[in-house]
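Participant: Use the sequences and the hints to build the structure in full.
So the chains spell out like this:
There are 2 protein chains.
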Amino acid sequence: MPYGYWGKMLRINLTTGNIKEETFEESFMRKYFGGKGFVSYYLLKEVDAETDPLGPENKLIFATGVMTGVPVSGMCRYAVGGKSPLTGGYGQSEAGGWWGPELKMAGYDGIIIEGKAEKPVYIYIKNEEVQIKDATHLWGKNTDEAQRIIREENGDKRIRVAQIGPAGERQINYACIVNELKHANGRTGMGAVMGSKNLKAIAVRGTKKLEFKDKQKITEIAKWFSGYLMENPLTYGLYNWGTAGGVMGLSKGGILPTRNFKEGSFEGAEKIWGKTMAETILKKREGCYACAIRCKRVVEVKNDKYTVDPEFGGPEYETVAAFGSLCGIDDLEMISKANELCNKYTLDTISTGMVIAFAMECFEEGILTEEDTGGLKLNFGNAEAALKLVEMIAKKEGIGEILALGSQRAAEKIGKGAEKFALTVKNQELPMHEPRGKVGVGIGYAVSDTGADHMQAGHDSLFTQEGEVLDSIKPLGILKPIDPFDLTEKKVREFMYLQFLWSFYNMAGICDFSPVPRGSLPLDKLVEVMRAATGWNVSLWEMLKAGERGLNMSRLFNLRCGIDSKDDRLPERLYQPLEGGSLKGVKIDKDDFNKAIKKYYAMMGWDEETGIPRKEKLEELDIKF
Amino acid sequence: MPYGYWGKMLRINLTTGNIKEETFEESFMRKYFGGKGFVSYYLLKEVDAETDPLGPENKLIFATGVMTGVPVSGMCRYAVGGKSPLTGGYGQSEAGGWWGPELKMAGYDGIIIEGKAEKPVYIYIKNEEVQIKDATHLWGKNTDEAQRIIREENGDKRIRVAQIGPAGERQINYACIVNELKHANGRTGMGAVMGSKNLKAIAVRGTKKLEFKDKQKITEIAKWFSGYLMENPLTYGLYNWGTAGGVMGLSKGGILPTRNFKEGSFEGAEKIWGKTMAETILKKREGCYACAIRCKRVVEVKNDKYTVDPEFGGPEYETVAAFGSLCGIDDLEMISKANELCNKYTLDTISTGMVIAFAMECFEEGILTEEDTGGLKLNFGNAEAALKLVEMIAKKEGIGEILALGSQRAAEKIGKGAEKFALTVKNQELPMHEPRGKVGVGIGYAVSDTGADHMQAGHDSLFTQEGEVLDSIKPLGILKPIDPFDLTEKKVREFMYLQFLWSFYNMAGICDFSPVPRGSLPLDKLVEVMRAATGWNVSLWEMLKAGERGLNMSRLFNLRCGIDSKDDRLPERLYQPLEGGSLKGVKIDKDDFNKAIKKYYAMMGWDEETGIPRKEKLEELDIKF
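Note that the protein sequences, when read in sequence, are chains A and B.
Quick note on this note's numbering: the first sequence kicks off at 1 and runs consecutively.
Quick note on this note's numbering: the second sequence kicks off at 1 and runs consecutively.
In case anyone wonders, no lab produced these hints; they're calculated from the structure.
Note that the Cβ used here is the ideal one computed from N, Cα and C, for glycine as well.
Hints are supplied without guarantee of correctness; some may be wrong.
[Said to hold, decoys possible] Below, a sample of chain B positions facing chain A; criterion: calculated Cβ distance under 7 angstroms:
#1 Glu489
#2 Arg493
#3 Trp541
#4 Glu542
#5 Leu544
Facilitator: Structure (structure tokens):
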């Protein structure tokens, strides 16, 4: 094994049942690094403009990164990509957990799924033994049951299962893929693509040893990091209160999405934030593979109305906000139940919460009535109605059938002005970050290859309380603090550099939480870990340029699919003043914003008007599609 | 003192006699780093299109870099810049030795000279004591005598003197500045600018302690490096045979400039290469400040015709080739004498050798006759005539007066088709690297901010004998070897990235020899030294982006001076086949080359046709001129 990867992709054709291994050389890995790099490479190479995202010609690519499986906090991620049924273009979503490292330990860097099985199947990989197995008996089952059966029938409790539940089987546009019942490749509907291929699950068991160049160095850094992360406010906060620890701060700051982004502060924030979770329903803190941060929550609820099974983990910040403040709901137990349901059925919690908030606003505005909802009183704050709606969406029952299309398409069906409450970019629902209070996030939403996405960087507040720029972003060459509301070239540049970095994290299989600006893994240590793992004399320059390469490739794929500059826009609501919260009255200036987007194009080396990458930019990045 | 620099520039107005200190903050240093960064900053800020390079409005900027004075091999450089009398645009040249570190130890990062003294003066800096002193008695003196007197009259043998000799006083367009009699800021005529200001010398004595963040780390790396450099073929070769150790290899490879670039192999190469020098006239190997490589030669000659004083060091590769193969001369003692004379009079050895070779070809072609030359038989190979010509140029005697203009202007005066033998870019004579055998060098010549220059990167042969790309350039993201004759986007990209790197070396005060691709200081160690010295968490990304910033700023200054895309071209001879040597018949395809230049513009984020940096590129680099 070369250090950090195998140079091996599995290609499995579900139509023919053909399974083969494809190898690649070192320079391929060092150029694309994995994740978005692999996904965009194979999509550009093998998927064309006419391909139906839910047809057999689409590819579904599972891609680890070169760092996936390195025993250091955060090195556990893998991406799943394909043409998206939600956006119609570049689809991809990453997940943590253990499945990625497990695939690596089975001897593969990734899997390309093609074709469509005649009847439901799952793939079982035990090192080099790769089988396509019948899944007729699993079809229709929730994730917990399916996982149990797969483990049982293969006689191994340690099998890691990435799978779809009923929402994926029904090809709901925002169905996700869930591994170990709680880690989700949430966005862009990759679960639907999996469903369209009649593929229930990929179950993996790997026992190969991963080789790294300098194990001692890795151990050293991992140890240093484990010690240090408790001293770093962000990582300690993530450990202590989970990702939802930020809810209160965001609400106070006026940037907690509330009631479908009408407002930015939520009166019930204290009831749903991470500290409250830790003090009430939290059963355990869990981490992904090799991670000392343990930001993952395990919650347990047993109340009069329902129970929440700890097997499904607990809600992340995105989920807490999407089912909480966004829907005006301050019931943490209900939120946890919604999280469980989404993990059971494999629905993306962000899009699901957003679709429900959309429906709630339509209901409050009289666009949807009890007649439409089957008697549900869909007012903001109605926790039970929201839960019911999750079920209805997963089963495409009643109003759920329309909502299962995603809010944009649902709004088009509903008509009556519903569209203005569907908050999407490229048809994908906004995640739980308010661009009106941090415009860099808005740029990220607008230009993201996957539609509105919080994994594109731009999360601002990159300066200290004293107003100094954070030390951690200085290696990017950003030496002066930039105002969160700034939309000038400074913001565009900062966003762009950070976007390169985050894109690279995605490619290499690195979690955003440790090397994020306020995180505890400084960029120099990150470079050290990269070097120790791979044996390459890799530099931050090389890494950022690779990140830029990934972004250009996914852009090219979107352009091929007809997604272009016209789609790099925000929903109109964000140009309207916030109606409540501590930033009440604040809006994004549309002209300034559109200018910033053009500036971003030009700064990226793209045509300023069309957003098409210039030939020489592609040549610089050695992209030949 | 902040680590690695003082944040202090001296501003000395020679017209008024005003001396003042200007301070700058940390983010200024981390943005511009020194050298080219400072020079271009002050030129853009203070020198306009109409400024006469030899008038009092021109500025002469002495700029160390943030690494100048770090006790590690190669960290000794400083740049001198101003509007160039040779090119009419961005002028700048760097030098090694001890003067740069000495200025730092006196408490300054650089000096801005403005105005013009009424009569000859020199500046004496002893820590914070800065004086403008009379130099009437020094004017007209050669460098050795002037240095002796300055040291004597200030009672300190350890004073470091950067100065001009008679050639600088006479404002010869390619006069240089020499420190310690043997280290030259050779190119773009900075000696003439100094002469135009009636400034004979800047004598410096500094006794302040430089502070570095992590001294132990620096000592560690310096020690590691001192041990390792003897194992590295390039640095060992530099130590053993000096920079002229490459002469034989270049001649065999057909890329040793011979007889005014007509040919690429020289029959007398063995008589003049570094090994022969080491075995005959070499008296001592010397290094610059803190350098363990010791590539500098000290030679001594006593023969019937002349002596060469070891005080003036010995000829570098550029000098050996310029007075040797380029003039068809195989007499190492004569070459050493020419070197001595150039250091005495402060003539740039490259331009001087090129001007002589130009005159020789004109003579052989009958364009110049004995009548023109005052009886000198200027045939290729006539060593004595060449030596005589050096004297005549320095004294502007006879044909020397015309040749002192530089070959381009001399050719215009001479007429009769002489122009085709004047090999310059932007009026500056080509250095001793043959672009027809390594086209990256050609791109460097064409687009260089200073006219033809070998300090712009592009020296090719970046792969191993096995055809693998050198490990040392992989951190730039260059993973596949590129043919020396290639002119496609691959070469342009490689050149551009290397140019960023070399530009950064210039800015930070780092010698190109240790971290050069085949050198022994890998980029990761370089980043480590940077971090240890400054305490900044600096990255290769930040460094390369700073290098890019420097190149864009010098470009802007050239554009202001009317130097633009029309001047980014090679002399016609390089599009003609080599007439002799192992690459006989090889030429550069003009169309391909011009396409590559346009590609370079576009890849730089400049307008493809005009070569003007796009607004957004400047915004990205935070350049506001």
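Participant: Take the shortest C-beta to C-beta distance between Glu489 of chain B and chain A; is it under 7 angstroms?
Facilitator: Interface hint status for Glu489 of chain B: holds (4 angstroms vs cutoff 7 angstroms).
Participant: Would the hint on Arg493 of chain B stand, with a C-beta cut-off of 7 angstroms toward chain A?
Facilitator: holds, 5 angstroms
Participant: Under the criterion of a CB-CB separation shorter than 7 angstroms, is Leu544 of chain B in contact with chain A as hinted?
Facilitator: Nearest chain A Cβ about 5 angstroms off; hint holds.
Participant: Could you check if Glu542 of chain B really has its C-beta closer than 7 angstroms to a C-beta on chain A?
Facilitator: holds, 4 angstroms
Participant: Less than 7 angstroms between beta-carbons is the criterion; does Trp541 of chain B satisfy it with respect to chain A?
Facilitator: The hint holds - Trp541 of chain B has a Cβ within 7 angstroms of chain A, the shortest such distance being about 4 angstroms.
Checked against the numbered hints given earlier, this structure breaks none of them.
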